[in-house]
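Asks: Sequence:
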Amino acid sequence: MDYIRNAYKMPFLRPGTEVEYLGRRGVITGAKGGYLLVDFGDGKPTAQHPEYNVAYFVDGELVKDFRQAD
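Taking full-length UniProt numbering, the leading residue of the sequence shown gets 1, the next gets one more, and so forth.
Honestly, I wouldn't trust all of these hints.
What the hints assert, rightly or not - Calculated lysine to aspartate or glutamate pairs in the EDC-like style (CA-CA distance at most 16 Å, straight line): (1) Lys64 x Glu18; (2) Lys64 x Glu51; (3) Lys9 x Glu51.
Hints in this document: simulated from the structure, not taken from any laboratory.
Construct the entire structure; sequences and hints are all you get.
Replies: In structure tokens:
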């Protein structure tokens, strides 16, 4: 996850960081290569690109938003 933190200038990224992707809320569980692993509540983390249509929340506050307008 250090690579993603540094490459995308997102020092807040940690396991447990909340995300929203295409209207679904999830939690970062880790990283694999250049992708974040996100659990959307089904216990099966999926790989997500760190800047593709995603918003990041820390303590419920929006800290970074890559969501695209409809």
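Asks: Each hint: holds or not?
Replies: How the hints compare with the structure:
| no. | hint | in the structure |
| --- | --- | --- |
| 1 | Lys64 x Glu18 | 11 Å, holds |
| 2 | Lys64 x Glu51 | 9 Å, holds |
| 3 | Lys9 x Glu51 | 11 Å, holds |
When held up to the earlier numbered hints, the structure conflicts with none and fits them all.
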